[in-house]
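Student: Take these sequences, add in the hints, and give me the full structure.
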Amino acid sequence: MGMLRAMVAHPEEVYPMVKLKLASDRIRRQIPAEPHWAFSYSMLQKVSRSFALVIQQLGPQLRDAVESIDDYDEYCHYVAGLVGLGLSKLFHASGSEELASDNLSNSMGLFLQKTNIIRDYLEDINEIPKSRMFWPRQIWSKYADKLEDFKNPENSTKAVECLNDLVTNSLIHAEDCLQYMSALKDLAIFRFCAIPQIMAIGTLALCYNNVEVFRGVVKMRRGLTAKIIDQTNSMSDVYGAFYEFSSLIKSKIDGNDPNANLTRKHVEAIQKACGSSGLLNTRGLHMHKSNRHTTLLDSASYLIFTVVGRLDVWSSVRDGFLLFLMLVVNMFLQGRVLAALWSVLFRS
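Heads up: the sequence shown begins at 3 in the working numbering, then just goes up one per residue.
Just so you know, the hints here were simulated from the structure itself, not pulled from any lab data.
Ideal placement from N, C-alpha and C gives every residue a C-beta, glycine not left out.
Don't take each hint at face value.
Claimed, not checked - Listed below are the simulated DSSO-like cross-link pairs for lysine-lysine, each with C-alpha atoms no more than 27 Å apart in a straight line: (1) 254 with 153; (2) 160 with 91; (3) 153 with 274; (4) 144 with 254; (5) 148 with 160; (6) 221 with 132; (7) 153 with 221; (8) 274 with 252; (9) 187 with 91; (10) 144 with 252; (11) 148 with 221; (12) 267 with 160; (13) 153 with 132; (14) 274 with 160; (15) 144 with 267; (16) 160 with 252; (17) 221 with 187; (18) 187 with 160; (19) 132 with 148; (20) 252 with 267; (21) 160 with 132.
To be verified - Estimated spans, in silico, between C-beta atoms of each pair: (22) 40 with 97: 32 to 40 Å; (23) 95 with 144: 23 to 31 Å; (24) 84 with 181: 36 to 44 Å; (25) 151 with 72: 21 to 29 Å; (26) 278 with 105: 39 to 47 Å; (27) 128 with 159: 18 to 26 Å; (28) 122 with 159: 16 to 24 Å; (29) 270 with 40: 44 to 52 Å; (30) 143 with 81: 44 to 52 Å; (31) 73 with 130: 20 to 28 Å; (32) 104 with 257: 36 to 44 Å.
Tutor: Here it is, written out as structure tokens:
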């Protein structure tokens, strides 16, 4: 029912979501049939969690929790920043891009990794047999005696203040990310880099000032994720998304928060960078809700997606049929069908 409610509230996301689902199905069908390849691809989905077991067997110096902000940045550099540096060199070696600076490449990785660390607090702290503690003590010790205290309801106020402090720390990388992406020329490389960055700032916007980070999973709607993937094709799209999600953060700033002024400063710097680009295109990614829908059409949309989407035969026919039906449903939900019919029947 959660997906159905999301579709009712955001019908404009239905079509991108179905496109993403069909693309995923096509990719899965392209996995080689040989057993060793099937095994490799299945393990790819699980490997990140297996690292926890390896880490637990390391010596104390390598296994210890993150202490200072410098430790935090260093950890994120080694697990994500180096990936950014390596990718930049690959893009350059391919002849598709100019070589980006190490600082900008590193920021691309840090922005993503810090977002994941912030979002995954509860999963990490509840890890068995031992908690994973990536939040730096230098920050969280200002708000609690123990990092695990934040999951207790009686500590909600301090938990959210610490959360906001960490989100504010992450925002310092956003301008570097915008600068990095603005220099990209190849569309495929651009989308490869831009979509995760938009997802990151969108996730930070959801997490900011949100006690649910300490209660369960906070993540973007599937439909919104699909919409971002479908509609991110230029820096205009990136600036629009960064501006809107930073605006969402700004709207959630509590004047009593210890870091309110610093958060506002970073948010306004992001907005200034987007506005001064001359390419700002706000798309209503997170706040737009259509009031034009009916229960019947919403139910039809849900049934088409769940029933037709599960058919395993005649995949190409199914894909085309599903896309057509979802496009029609989406047009109905947004009140476009009558206008479309009118243009077809009475066009000059």
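Student: A separate judgement is required for each hint: does it hold in the structure or not?
Tutor: Evaluation of the provided hints:
{"no.": "1", "hint": "254 with 153", "result": "holds, 21 Å"}
{"no.": "2", "hint": "160 with 91", "result": "violated, 42 Å"}
{"no.": "3", "hint": "153 with 274", "result": "violated, 36 Å"}
{"no.": "4", "hint": "144 with 254", "result": "holds, 22 Å"}
{"no.": "5", "hint": "148 with 160", "result": "holds, 12 Å"}
{"no.": "6", "hint": "221 with 132", "result": "holds, 24 Å"}
{"no.": "7", "hint": "153 with 221", "result": "holds, 18 Å"}
{"no.": "8", "hint": "274 with 252", "result": "holds, 13 Å"}
{"no.": "9", "hint": "187 with 91", "result": "holds, 15 Å"}
{"no.": "10", "hint": "144 with 252", "result": "holds, 23 Å"}
{"no.": "11", "hint": "148 with 221", "result": "holds, 25 Å"}
{"no.": "12", "hint": "267 with 160", "result": "holds, 22 Å"}
{"no.": "13", "hint": "153 with 132", "result": "holds, 16 Å"}
{"no.": "14", "hint": "274 with 160", "result": "violated, 30 Å"}
{"no.": "15", "hint": "144 with 267", "result": "holds, 21 Å"}
{"no.": "16", "hint": "160 with 252", "result": "holds, 20 Å"}
{"no.": "17", "hint": "221 with 187", "result": "violated, 30 Å"}
{"no.": "18", "hint": "187 with 160", "result": "violated, 44 Å"}
{"no.": "19", "hint": "132 with 148", "result": "holds, 14 Å"}
{"no.": "20", "hint": "252 with 267", "result": "holds, 10 Å"}
{"no.": "21", "hint": "160 with 132", "result": "holds, 23 Å"}
{"no.": "22", "hint": "40 with 97: 32 to 40 Å", "result": "holds, 34 Å"}
{"no.": "23", "hint": "95 with 144: 23 to 31 Å", "result": "violated, 44 Å"}
{"no.": "24", "hint": "84 with 181: 36 to 44 Å", "result": "violated, 19 Å"}
{"no.": "25", "hint": "151 with 72: 21 to 29 Å", "result": "holds, 24 Å"}
{"no.": "26", "hint": "278 with 105: 39 to 47 Å", "result": "violated, 20 Å"}
{"no.": "27", "hint": "128 with 159: 18 to 26 Å", "result": "holds, 21 Å"}
{"no.": "28", "hint": "122 with 159: 16 to 24 Å", "result": "holds, 22 Å"}
{"no.": "29", "hint": "270 with 40: 44 to 52 Å", "result": "holds, 50 Å"}
{"no.": "30", "hint": "143 with 81: 44 to 52 Å", "result": "violated, 23 Å"}
{"no.": "31", "hint": "73 with 130: 20 to 28 Å", "result": "holds, 24 Å"}
{"no.": "32", "hint": "104 with 257: 36 to 44 Å", "result": "holds, 38 Å"}
In the structure shown, a violation is registered for the earlier hints numbered 2, 3, 14, 17, 18, 23, 24, 26 and 30, in ascending order.
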